[in-house]
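Position chain B against the provided structure of chain A, taking the given hints into account.
These are the residues of each chain, in order.
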Amino acid sequence: MGMDLVERLLNGDRRALGKLMTLVDDGAPEGREAIIKLFPKTGSAHIVGITGAPGVGKSSLINAITTKLREKGKTVGIVAVDPTSPFSGGALLGDRIRMQDHFTDEGVFIRSLASRGSVGGLSKSVNNVIRLLDAFGRDLIIVETVGAGQAEVDIVKVAHTVIVILSPGYGDVIQMLKAGIIEIGDMFVINKSDLEGAHRAFEGLMSVLELSQQREGWKPPIIETIATAQKGITELVETIERHREYLEKTKLLNVRESKRVENELINLVNERVYEKIKEGSAGEGENLKTIVSKVVSKQLDPYSAAEKIISALG
Amino acid sequence: MSKTESKTRVLVAKPGLDGHDRGALVLCRAFRDAGAEVIYTGLLATPDQVAQTAIDEDVDVVMLSLLNGAHMVAFPRVVKLLMEKGAGDILVFGGGIIPEEDKPHLEKEGVLGNWGPGTPLDLIIETVFNKVKERRHGTKQAKKGR
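The listed protein sequences correspond, in order, to chains A and B.
For the first sequence, the positions run 1088 to 1401 when our numbering is used.
For the second sequence, the positions run 38 to 183 when our numbering is used.
Next comes chain A alone, as it looks inside the complex (with noise of 0.2 Å):
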């Protein structure tokens, strides 16, 4: 059933794309097995984050930016994630709200993700919904993070390109700095610059910018929006673009690739190790319970209960 789903997802099937997301973005085992199966496919997007504080207009900018490529023929993909509430388990997937513009435009595919308990900024899944996207035949693949601001890690082993989006009045550019959000930008945009105190938050990210280390060669440039009237956009785009390029030339591309895919691996290793230690033994017939009933009882102490759970998983 899960290989005829990937069929008519290389046909161009998006209902059979938007199934797969879900069987992936639920875990399920004919999910794993269609990755697999369209693994060899992947690898030709161009996968791009967009992360900011919440309100600063980061769906907006996907919107517009969307509206760009497609006059340029691009087909697009977007993955927008919104936070699962801690409480009910259940969550409010609002960021389509502003990309109305592409509902029903062929060479645009819209997914909302709900974090499900990650706290990187995105989802579990979200890897294997990019693949999804990239095996479907997307030229770009861009990614919105939760947008909490801080802590929002996941995105840089995610994205090729990083975008930090900013908008005026916001906070202190030094409150950035101290979230380490500058470090993770490939370019910066101050959106909604028509708005008072754009020139001085301008000003005070590029002063910092100044001051921090060029990544990898690269100087991230700076540019200014105002995503709802479309201005700042073409700018915008070609910065992406450029992006791509000097990470094609300078074999970056790779490098970050292999960041990737290792801290997926690392991921999947672990989850895989806890699974077997819940299903299975830990040798000499004791399984985890006996081991944690020692622990407790102080007939084994937690390091070498670690050990002895580590060495029986073969």
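FYI, nobody ran anything at the bench for these hints, they're computed from the structure.
Hints are not guaranteed to be accurate.
Pair ranges (Cβ atoms, derived) [unchecked claim]:
{"id": "1", "chain 1": "B", "residue 1": "Ser43", "chain 2": "A", "residue 2": "Thr1191", "range": "24 to 34 Å"}
{"id": "2", "chain 1": "B", "residue 1": "Ser43", "chain 2": "A", "residue 2": "Ile1184", "range": "19 to 29 Å"}
{"id": "3", "chain 1": "B", "residue 1": "His142", "chain 2": "A", "residue 2": "Ala1316", "range": "16 to 26 Å"}
{"id": "4", "chain 1": "B", "residue 1": "Gly155", "chain 2": "A", "residue 2": "Asp1188", "range": "32 to 42 Å"}
{"id": "5", "chain 1": "B", "residue 1": "His142", "chain 2": "A", "residue 2": "Lys1376", "range": "56 to 66 Å"}
{"id": "6", "chain 1": "B", "residue 1": "Arg59", "chain 2": "A", "residue 2": "Thr1191", "range": "20 to 30 Å"}
Using 25 Å as the maximum straight-line C-alpha spacing, the simulated DSS-like pairs for lysine-lysine come out as follows [said to hold, decoys possible]:
{"id": "7", "chain 1": "A", "residue 1": "Lys1211", "chain 2": "B", "residue 2": "Lys44"}
{"id": "8", "chain 1": "A", "residue 1": "Lys1318", "chain 2": "A", "residue 2": "Lys1306"}
{"id": "9", "chain 1": "A", "residue 1": "Lys1211", "chain 2": "A", "residue 2": "Lys1106"}
{"id": "10", "chain 1": "A", "residue 1": "Lys1381", "chain 2": "B", "residue 2": "Lys122"}
{"id": "11", "chain 1": "A", "residue 1": "Lys1106", "chain 2": "B", "residue 2": "Lys140"}
{"id": "12", "chain 1": "B", "residue 1": "Lys117", "chain 2": "A", "residue 2": "Lys1106"}
{"id": "13", "chain 1": "A", "residue 1": "Lys1376", "chain 2": "A", "residue 2": "Lys1365"}
{"id": "14", "chain 1": "A", "residue 1": "Lys1336", "chain 2": "A", "residue 2": "Lys1244"}
{"id": "15", "chain 1": "A", "residue 1": "Lys1365", "chain 2": "B", "residue 2": "Lys44"}
{"id": "16", "chain 1": "A", "residue 1": "Lys1106", "chain 2": "B", "residue 2": "Lys44"}
{"id": "17", "chain 1": "A", "residue 1": "Lys1336", "chain 2": "A", "residue 2": "Lys1306"}
{"id": "18", "chain 1": "A", "residue 1": "Lys1106", "chain 2": "B", "residue 2": "Lys170"}
We treat Cβ as the ideally placed atom computed from N, Cα and C, and that holds for glycine.
The following block gives chain B in isolation, referenced to the frame of chain A:
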């Protein structure tokens, strides 16, 4: 095998020229608080936009809400579009200002619920969740029978 429970994905949509969305937003929040993942299309979505969104987001159910009297045309249009696009398995519920005499036609066209203002949210959510469970269970049975 590690697996997150399959969440219910709900699309809340206002398929037409209706500028009032407080009701729709209340519904969005209620579903979220009940544990569902809710997507909202925003105002002024066309039936075509609603149908395509439902498919791309692979929702279990579409909640259509209109207060402007256009439900007799708009709601069945969404059902029809979903079927044409190969997504007839997505459930469609209607709500808003719907006179009693319109309900039989809507039901015949495949629109469930058709609740008026003042319908308790609990009732709506319970009915929807049960229908989704029924639909999923039915699919599993069908697969087993193969």
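Quick rundown of the hints versus the structure:
1. Distance hint check for Ser43(B) and Thr1191(A): the Cβ-Cβ separation is about 28 Å, which falls inside the suggested range of 24 to 34 Å.
2. Our hint of 19 to 29 Å for Ser43(B) and Ile1184(A) holds, since their Cβ atoms are close to 25 Å apart.
3. A C-beta distance of roughly 44 Å is found between His142(B) and Ala1316(A), which places it outside the suggested range of 16 to 26 Å.
4. Checked against the hint of 32 to 42 Å, the pair Gly155(B) and Asp1188(A) passes, with Cβ atoms roughly 35 Å apart.
5. Roughly 60 Å separates the CB atoms of His142(B) and Lys1376(A), a value that falls within the hinted 56 to 66 Å.
6. Distance hint for Arg59(B) and Thr1191(A): a CB-CB separation of about 27 Å, consistent with the stated range 20 to 30 Å.
7. Simply put, Lys1211(A) and Lys44(B) have alpha-carbon atoms about 15 Å apart, close enough for the 25 Å limit, and the pair holds.
8. For the proposed pair Lys1318(A) and Lys1306(A), the alpha carbon gap of about 22 Å is at most 25 Å, so the pair holds.
9. Pair hint Lys1211(A) plus Lys1106(A) holds up; C-alpha atoms about 17 Å apart against a cutoff of 25 Å.
10. Between Lys1381(A) and Lys122(B), the direct Cα distance comes to roughly 59 Å. Violation of the 25 Å bound is thereby established for this hinted pair.
11. A hinted pair counts as satisfied when its Cα atoms are at most 25 Å apart, and Lys1106(A) with Lys140(B) does not qualify at roughly 31 Å.
12. As the CA atoms of Lys117(B) and Lys1106(A) are separated by approximately 20 Å, the hinted pair is consistent with the 25 Å bound.
13. Between the alpha carbons of Lys1376(A) and Lys1365(A) the distance comes to roughly 9 Å, so the proposed pair stays at or under 25 Å and holds.
14. Only pairs whose Cα atoms come within 25 Å are accepted, and Lys1336(A) paired with Lys1244(A) is accepted, the gap being roughly 20 Å.
15. Distance hint between Lys1365(A) and Lys44(B) is fulfilled; the C-alpha atoms sit about 23 Å from each other, no more than 25 Å.
16. The suggested pairing of Lys1106(A) with Lys44(B) holds, with an alpha-carbon distance near 13 Å, which does not exceed 25 Å.
17. Note on Lys1336(A) and Lys1306(A): the hinted pairing holds, with a Cα-Cα distance of about 15 Å set against a maximum of 25 Å.
18. The suggested pairing of Lys1106(A) with Lys170(B) holds, with an alpha-carbon distance near 17 Å, which does not exceed 25 Å.
Violated hints, in rising order: 3, 10 and 11; the structure is consistent with all others.
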